[in-house]
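Enquirer: Sequence:
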Amino acid sequence: LGADAVFDYNDPTSARAIREQTNDSLTLAFDTVSVESSATFCDHALSTKGGEYSSLLPIKTARDNIRDRSTMAYTAFGRSFKFGPREVPAQPGDRAFMEQFSGIFQDLLTSGKIKTHPPRIGNAGLNGILDGLQLLRDGKVRGEKLVYNIRDTH
Numbered sequence: 001l002g003a004d005a006v007f008d009y010n011d012p013t014s015a016r017a018i019r020e021q022t023n024d025s026l027t028l029a030f031d032t033v034s035v036e037s038s039a040t041f042c043d044h045a046l047s048t049k050g051g052e053y054s055s056l057l058p059i060k061t062a063r064d065n066i067r068d069r070s071t072m073a074y075t076a077f078g079r080s081f082k083f084g085p086r087e088v089p090a091q092p093g094d095r096a097f098m099e100q101f102s103g104i105f106q107d108l109l110t111s112g113k114i115k116t117h118p119p120r121i122g123n124a125g126l127n128g129i130l131d132g133l134q135l136l137r138d139g140k141v142r143g144e145k146l147v148y149n150i151r152d153t154h
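One point on numbering: in the UniProt record's numbering, the residue at position 71 of the sequence shown is 71, and numbering is uninterrupted.
The set of hints was computed from the structure by calculation and includes no laboratory data.
A few of these clues could be false.
[To be verified] As a list, the in silico DSS-like pairs of lysine-lysine whose alpha-carbon atoms are at most 30 Å apart:
id : residue 1 : residue 2
1  : 140       : 60
2  : 60        : 145
3  : 140       : 113
4  : 60        : 82
5  : 145       : 113
6  : 82        : 115
7  : 115       : 140
8  : 60        : 49
[Stated by the list, open to error] Computed spacing ranges between beta-carbons, pair by pair:
id : residue 1 : residue 2 : range
9  : 110       : 62        : 37 to 45 Å
10 : 13        : 82        : 40 to 48 Å
11 : 2         : 153       : 34 to 42 Å
12 : 143       : 28        : 19 to 27 Å
13 : 133       : 9         : 13 to 21 Å
Every residue gets a Cβ at the ideal spot worked out from N, C-alpha and C, and that includes glycine.
Throw the hints in and build the complete structure from the sequences for me.
Expert: The structure is reproduced here in structure tokens:
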């Protein structure tokens, strides 16, 4: 595993560069940010021939030749649940996929082929979370995971 190319999502030319790098063949996008700007970015990076866009929140891309859908990780537990007024039935196939994926992911993590973001330990426990949220709003967190220890709360 490894990146063949790296793109800065803040660079307005990156979506076009992704389309060029992939020879207009990118047909799948999974958007974990799930806001209008990230959907637009994915829309512009996906192939002009169309593709599939999946997001964590129900948001849509602009093109008709892209299949939009939202992904709910809750289905990986294999039980039915309520999402607002909607009853979502159990999805045994999602549960089976998650069991398989978990093993693969654990092996990749253990072997060092994939790495997590390094933690940035915040101050003041739970009281520091608001400062961390402001850092996120200000765009001052990149490639790190903010962590706050409950035991440091005063």
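Enquirer: Please go over all the hints and tell whether each is borne out by the structure.
Expert: Okay, the hints, checked on the actual structure:
1. 140 x 60: holds, 28 Å
2. 60 x 145: holds, 28 Å
3. 140 x 113: holds, 27 Å
4. 60 x 82: Distance ~22 Å between residue 60 and residue 82 Cα, so the pair holds.
5. 145 x 113: holds, 19 Å
6. 82 x 115: violated, 34 Å
7. 115 x 140: holds, 21 Å
8. 60 x 49: The given pair, whose Cα atoms are some 17 Å apart, holds under the 30 Å limit.
9. 110 x 62: 37 to 45 Å: Between residue 110 and residue 62, where Cβ atoms are some 41 Å apart, the hint holds.
10. 13 x 82: 40 to 48 Å: Holds, since residue 13 and residue 82 (Cβ atoms, about 43 Å apart) stay within the stated range.
11. 2 x 153: 34 to 42 Å: Between residue 2 and residue 153, where Cβ atoms are some 39 Å apart, the hint holds.
12. 143 x 28: 19 to 27 Å: At 23 Å between Cβs, range holds.
13. 133 x 9: 13 to 21 Å: holds, 20 Å
The structure fails hint 6 only (numbered hints given earlier).
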